[in-house]
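Fit chain B to the known structure of chain A by using the hints.
So the chains spell out like this:
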Amino acid sequence: MSVYFTEDHEWVSVEGDTGTVGITDYAQKQLGDVVFVELPEVGKMLARGDEVAVVESVKAASEVYAPVSGEVMDVNEALEDEPATVNASAEEDGWFVKVALSDKSELSELMDEQAYKSFVGGLET
Amino acid sequence: MTDTETTKDVETLSLDALHRELGAKMVAFAGYSMPIQYGDGIMAEHLWTREKAGLFDVSHMGQLEIRGKNVAAELEAHMPGDFIGLKEGRLRYSMLLDDNGGIIDDLMVTRRADHFYLVVNGAVKNSDIAHLNRHLPAHIEVRERADLALLALQGPRAADVLERLGAEVGLITFMRGSEIRLRGVEMWISRSGYTGEDGFEISIPAKKVAGLARLLLKDKDVRPVGLGARDSLRMEAGMPLYGHDLSRMSTPIEAGLAFAVSKRRKMEGGFAGFDRIDRQIKDGTKVRRVGLKLEGKRPAREGAPVYAGERKTGVLTSGGFAPSVDAPIAMAYVANEDAADGTELDVEVRGKRLPATVVAMPFVPHKYVR
Chain A
1 MSVYFTEDHE WVSVEGDTGT VGITDYAQKQ LGDVVFVELP EVGKMLARGD EVAVVESVKA
61 ASEVYAPVSG EVMDVNEALE DEPATVNASA EEDGWFVKVA LSDKSELSEL MDEQAYKSFV
121 GGLET
Chain B
1 MTDTETTKDV ETLSLDALHR ELGAKMVAFA GYSMPIQYGD GIMAEHLWTR EKAGLFDVSH
61 MGQLEIRGKN VAAELEAHMP GDFIGLKEGR LRYSMLLDDN GGIIDDLMVT RRADHFYLVV
121 NGAVKNSDIA HLNRHLPAHI EVRERADLAL LALQGPRAAD VLERLGAEVG LITFMRGSEI
181 RLRGVEMWIS RSGYTGEDGF EISIPAKKVA GLARLLLKDK DVRPVGLGAR DSLRMEAGMP
241 LYGHDLSRMS TPIEAGLAFA VSKRRKMEGG FAGFDRIDRQ IKDGTKVRRV GLKLEGKRPA
301 REGAPVYAGE RKTGVLTSGG FAPSVDAPIA MAYVANEDAA DGTELDVEVR GKRLPATVVA
361 MPFVPHKYVR
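Just so you know, the sequences run in chain order A and B. Going by UniProt numbering, 36 is the number at position 36 of the first sequence; the sequence numbering is gapless. Going by UniProt numbering, 65 is the number at position 65 of the second sequence; the sequence numbering is gapless.
So here's chain B without its partners, still in its complex pose:
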């Protein structure tokens, strides 16, 4: 067998020592040494998250604060979301777009009292910051909060776990966030995540994160979960991964993320790439991101070509074995004519054609508490 993992010069997370103590296998990801899995393995961590509560260290992600006069309108010039109408303490999933409507990054935008809080992908956070600084007017400040860590506690027991520690999270429903004080530490908690489960993301000073992580891990319902299960969980939830399922080569419409183009913005426009996106909303797209369920047990991976009969129709952008579906699943961009639910296609893996069916996403129902 061959092992293709390589190690590069990478930064360490605040929780590096804890990850190693917990038996994590560390890999380089997004410029950081990160836990891909702990002792129980990806499958067990995945299923635990769907049944109890998984603790993820996602401190590699970029946490930005954007402030200044008319900041909501200024952000709206680069993203298709309605931020002027976003109420304080509410989150909105959005995308940073280039002039052609291509996706520079997908991200979470939260309105706070005197600024907007953005959580962006770790692998592209520096280019995001550069893009924002280049395109926002000089009076808008973009501040990276590298002094903050980010944890995600995901799964049906997540709320109970936090309540047991004394955090009153009952009023924080899905896509809301609030500052709370827990055991003397100020943190920002939002009910959001990347698994399709109920759960929370917790932004906390990096020097306090180890204390909180250890406290959470003392709960019998909490186990640490690595990047491997994070990937299989988000795939089952139908959520795209930037750099794989999303890139500057695709628009929100092609990516099946039209819901992120807010109603007012759809009518008024005024954001980067609007002309193309508006045309695609009206006339349709050539390609679309779809979910595929594969026959049999053999997983297909990113890069595998997809065929409609003998005609190549697209390529997988994510793929793997889905533990909660107990079958291989994938995401692919295929020609629009082959994108309808129920369409039977083939995925080529090592010269063999595996039958696959286009299915609606998510593959596993979302369980948000609204």
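If we strip away everything but chain A, and leave its shape as in the complex, we get:
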């Protein structure tokens, strides 16, 4: 399993041809308390960069963009009742969607964990 990151603070964890997508711990800290997550329908075709979810915190609404292209195979329905899971476990239990990757070559344009860490480190200074 490999995890990739975007400059917009999404992550995609890839196992075989399936990518699980969420937002990073850095992102959830920036957003603050998440009170609602709008998820797409299963079966939706996503192009990389499409809006995949909307996260509503107490403070504001933020769009989450698809880091990869593909069909939505599954959505994290547990977030409907427990949106705060995004705060508690952004990079594990707080995932948003599982996508059947349609173009794995897109992954090479994303950051690995180390690159993302230094990217975020640069933002915090």
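Any given hint could be a false lead.
Here are the computed lysine-lysine pairs in the DSBU-like style, where the Cα-Cα straight-line distance is at most 30 Å [stated by the list, open to error]:
hint	chain 1	residue 1	chain 2	residue 2
1	B	K312	B	K286
2	A	K44	B	K297
3	B	K293	B	K312
4	A	K29	B	K297
Using C-beta positions, here's what the derived DEER-type ranges look like [said to hold, decoys possible]:
hint	chain 1	residue 1	chain 2	residue 2	range
5	A	G49	B	L217	26 to 34 Å
6	B	E310	A	E77	29 to 37 Å
7	A	A60	B	R183	34 to 42 Å
8	B	L217	A	S102	31 to 39 Å
9	A	M45	B	E295	26 to 34 Å
10	B	A340	A	S102	48 to 56 Å
11	A	A115	B	R134	56 to 64 Å
12	A	A60	B	D326	17 to 25 Å
13	A	E7	B	D283	51 to 59 Å
14	B	E186	A	G49	55 to 63 Å
15	B	E144	A	A84	41 to 49 Å
Hints listed in this document are in silico derivations from the structure and should not be mistaken for laboratory results. All C-beta atoms in this analysis are idealised placements derived from N, C-alpha and C, irrespective of residue type, glycine included.
Relative to the frame of chain A, chain B by itself:
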């Protein structure tokens, strides 16, 4: 995800270093760099204020002293409150009005021994001062006290906290204020605030404010609270925010603030915008500010259109998730025919219609100590 916060050239508060030390996330607001939240987050800060005591730095607000011959009557020409009848040490919520009855600002007016003390919104304090200077006669002095800071200590434990420090606040009931001396420092304390809770606002020399803030924060019941929770707390309390729920486009009557038009003033008039306001009191208004409770958990924000069936009836002027209600709430201006409590409306968020019901405000009962 996208982050739309921008940083501009902004002034720093006297407590800037303390905010950063406390782990605040700072944002530009009203021309100042201000704490939007601290480490615990908006939700925790909000709930803490409703249960214990939250400390807010509201030093961005304008503190003005107005003095001169017949100052009460002169102020009455621009605001709908009864200031001639206001006793010393009492506060009154009021509004600065333009000739059309539009709201230039909402503010707190306190009568002190030899002047009136006004606390105005930070974002418009300079235009307020300009308006007052332009319209008050030359013998009335408008002095901005930029040398003062302003703290708010809000919540059910606020009085206990101050008593523990030796401040005798028991006699200062809701909407009263008094000068007190605490640990050798003179300050002005009023029992007032912007959360709907019991609480106090403390005006203190800026160079002394850090000492007082640190002293208050040592109390186990006190935590610092930022602008984020200040906004959700005031929304639950049904209190409008200037520049959002109030503007020159609305009158006190349309804004649901008729209580701020004092009885004598209603009969006698003699203030800016009286003709229009008098007509609205007698004949009603086309639109009204209402509270909305939304179904489900999805918050709607300022700017979202409101529908009565297929007919657009208004727009949200504030909206968000209300931690103490555990549901999304909003304020909107809607057509008068759709403003009755219990009216079912829809709010449009990202192309979806969310069912909402007009409800009486406040959303959370006020807990003032009168």
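Here is what the structure says about each hint:
Our distance criterion of 30 Å between C-alpha atoms is met by K312 of chain B and K286 of chain B, whose separation comes to about 14 Å. For the given pair, K44 of chain A sits about 23 Å from K297 of chain B by alpha-carbon distance, which is consistent with the 30 Å threshold. At most 30 Å may separate the alpha-carbon atoms for a hinted pair to count; K293 of chain B and K312 of chain B meet this at roughly 18 Å. Restraint check: the Cα-Cα separation between K29 of chain A and K297 of chain B comes to about 20 Å, which is no more than 30 Å; the hinted pair holds.
Taken as a hint, the range 26 to 34 Å is violated for the pair G49 of chain A and L217 of chain B, whose Cβ atoms sit roughly 45 Å apart. At roughly 32 Å, the beta carbons of E310 of chain B and E77 of chain A sit within the given window of 29 to 37 Å. Range check, A60 of chain A to R183 of chain B: about 40 Å between beta-carbon atoms, so the 34 to 42 Å window is met. Remark: the range hint 31 to 39 Å for L217 of chain B to S102 of chain A is contradicted by a beta-carbon distance near 54 Å.
Checked against the hint of 26 to 34 Å, the pair M45 of chain A and E295 of chain B passes, with Cβ atoms roughly 30 Å apart. Take A340 of chain B and S102 of chain A: their Cβ atoms lie about 52 Å apart, and the range 48 to 56 Å holds. A115 of chain A and R134 of chain B have their C-beta atoms about 58 Å apart, which keeps the hinted 56 to 64 Å range intact. For the pair A60 of chain A and D326 of chain B, the beta carbons lie near 19 Å from each other, so the given range of 17 to 25 Å is met.
Between E7 of chain A and D283 of chain B, the C-beta spacing of about 57 Å keeps the proposed range 51 to 59 Å intact. The beta-carbon spacing between E186 of chain B and G49 of chain A, approximately 59 Å, falls within the hinted interval of 55 to 63 Å. Between E144 of chain B and A84 of chain A, the C-beta spacing of about 43 Å keeps the proposed range 41 to 49 Å intact.
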